[in-house]
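Novice: Note that the protein sequences, when read in sequence, are chains C and H.
According to the numbering used here, the first sequence is numbered sequentially starting from 1.
According to the numbering used here, the second sequence is numbered sequentially starting from 1001.
By construction, these hints were calculated from the structure, which means they are not laboratory data.
Honestly, I wouldn't trust all of these hints.
[Claimed, not checked] Per the computed footprint, the stretches of chain H lying under chain C, defined by three or more beta-carbons under 8 Å from a beta-carbon of chain C, are:
id, region
1, 1134-1146
2, 1188-1199
[Stated by the list, open to error] Derived contacts from chain H toward chain C, CB cut-off under 10 Å, selection only:
id, residue
3, Pro1029
4, Ala1343
5, Ile1347
[To be verified] FRET-style restraints, in silico, Cβ to Cβ:
id, chain 1, residue 1, chain 2, residue 2, range
6, H, Ala1054, C, Trp36, 43 to 49 Å
7, C, Asp123, H, Ser1039, 28 to 34 Å
8, C, Val38, H, Ser1344, 38 to 44 Å
9, C, His164, H, Gln1317, 31 to 37 Å
10, C, Val38, H, Gln1317, 41 to 47 Å
11, C, Glu133, H, Gln1317, 45 to 51 Å
12, C, Asp123, H, Gly1155, 40 to 46 Å
13, H, Pro1201, C, Asp123, 53 to 59 Å
We put the CB at the ideal spot given by N, CA and C, even for glycine.
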Amino acid sequence: MTYSRRRVLAARILLWTAPVIVLGSSLAAGQQVSRWDVFGGGSYLRFDSAPLGFANASNLTGWNAEVAYNLFDALSVVADGSGHYGNQITAYNYMIGPEYSYRWEHSRVFGRVLFGKAQNNVDIVQPTRGGFESVGRAYGGGIGYDRDLNSRFTLRAVQVDYLHTHTFTLNQTDARVSVGVVVHFGRTHKKRRL
Amino acid sequence: MFNEAKFACMILCSLGLAACGGGILSSAPSHLAFVSLTSNNTIAAYRIDNNTGAFTAITGSPYFAGNSPTSLLLHPSGKYLYAANQLGNSISLFTVDSNSGSITEVLPETPAGVSPVSMAMNASGSLLFVANAFSNNISVYSINSANGALSQIAGSPFSTYQEPGALALTPSGNLLYTMNTDLSSIIGFAVSSSGALRPLPPLTLPQIQAPFAVAMDPAGKYLYVTNAADNALSIFSINSSTGALTAVPQTPIATGTSPVAVAVQPNGQYVYVANNSSNNVSIYSIDSTTGVPTQITGSPFSVTSGPLFLQWDPNGQWLYVGGQSTKTIAEYSFSANGTLTAASQSITTAQTPTSMAVGR
């Protein structure tokens, strides 16, 4: 092989392997994962009010917050709380459960399973009472996508949850969508690349 | 003397059904239904799916009402529900939340005569007629369309014969009939635009024997009356000008035992009679020209034990039968040939249901 041909071959090898080298080095270096993540944002809940005698399902809006403790890079424990408000209906959910994450570059997708309690209030005013309230079990799960803004803050672009609650001796099947901001606290042994 | 059996079986005038839109189809996916539970002074509320007939109890149901709500009537707008409180001698007004299905009583209750047992309302929802069994009169109220409030009109209550029972009002609102079981007679009134009642000349109806329940076809052509004494159904054509009643040929026609309720299918082609003691429903097809009834094949049909009242949904697809013995509302689907098929769902009420009102 002539010198010029060796140079061309070396360039080609370098051209094709450089991304692998860079990617491999970034993977090998790993992402920095905080110990604690705190999420807060706005939320929409499609509440299954038909079983309660309403003409249709109800559209509620409110808030969603959670605290996540990252055990490992891919596994966390999440404590989730939300409150949603609408015409005649108020719905609170408090749940906890495991969450699995897949992280790359500045992104994260996650999925989780949640268990806890639901507190639903129906504002039907009667002469002797101001409304009807029921507390029951709740479970559900969902997926979401986060995008890092910097080392401290992350944008939760979307989080979709399915919730099943049992209140007023009846079952409700709700859908929840939340967006907001995640704030990171503490660090794990891995280093997050910005 | 107070008749406990009559008290237990007094039936709301089925013209309330016509006033709620008999024959006018509803496009809503569901409709609200209210059931009086007289013995515990409450009203149960349900939402019923128009397609499946499935019942859903309304949150907060049953709701407290007055003393012994016996008859229920829903305003044509669907916004107001009226309950005649037989022992409270009053009329309760409830506002209806169409979204949640809940009802809220508007206090204070409106005074009526002694023992209001049945009600009728004109098609526009501007007048309410109440038969007071033990004060032997009929109270007439104007209805405020903005809030459903009742105001007794000048001259009300209007005297009538002893113990007026079920009421029937023509769709035009110009004629009112009351059943007088004890006198085996039907009393007719001309109704003015203000609601004032003027007694019609006495109606000579020899075939009437203890008339108990009454219904009118949606067109106001025929009056259907159950004769409790001889277990028969009488049918009269109505002279819309004079109010005179003329017996239809081949009537009265035999029913089952103790016919306590009668209802006309909203299309006007079939008439249903609930027979309390024989636990069945007699079904008759009606000739639209002559009014002559013909009992359909398979009639009478077995229904829930001790049928007490009949109520159609606004589309004429479902017939609800209140069961005195079973404390249930049994549901039956209607077929084009008039036959009934028991639906898979029925509801059990905590107490004996005494009447039912169904919205659009």
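Novice: All the hints need checking, so say for each whether the structure fits it.
Specialist: Structure-based check of each hint:
Figure legend: the region 1134-1146 of chain H, annotated as covered by chain C; annotation inconsistent (0 residues with Cβ-Cβ distances under 8 Å, at least 3 required). Using a Cβ-Cβ cut-off of 8 Å, 0 residues of the region 1188-1199 of chain H lie near chain C, which falls short of the minimum of three, so the contact claim is violated. Annotation: Pro1029(H) was flagged as interfacial toward chain C, and the flag holds, the nearest CB pair being 8 Å apart, inside 10 Å. The interface hint given for Ala1343(H) is broken, as the beta carbon of that residue sits about 19 Å from the closest beta carbon of chain C, more than 10 Å.
At its closest, the beta carbon of Ile1347(H) sits 13 Å from a beta carbon of chain C; the interface hint therefore is violated under the 10 Å criterion. For the pair Ala1054(H) and Trp36(C), the supplied restraint of 43 to 49 Å holds, since their beta-carbon distance comes to about 48 Å. As the Cβ distance of Asp123(C) to Ser1039(H) is approximately 30 Å, the hint placing it in 28 to 34 Å holds. Separated by about 51 Å at the C-beta atoms, Val38(C) and Ser1344(H) break the suggested range of 38 to 44 Å.
Roughly 32 Å separates the CB atoms of His164(C) and Gln1317(H), a value that falls within the hinted 31 to 37 Å. In this structure the hint that Val38(C) and Gln1317(H) lie 41 to 47 Å apart at CB is violated, the actual value being about 55 Å. Between Glu133(C) and Gln1317(H) the Cβ separation comes to about 36 Å, which falls outside the hinted range of 45 to 51 Å. Between Asp123(C) and Gly1155(H) the CB atoms are about 43 Å apart, so this pair conforms to the stated range of 40 to 46 Å.
Separation of Pro1201(H) from Asp123(C) is about 55 Å and conforms to the stated range, judged on CB atoms against 53 to 59 Å.
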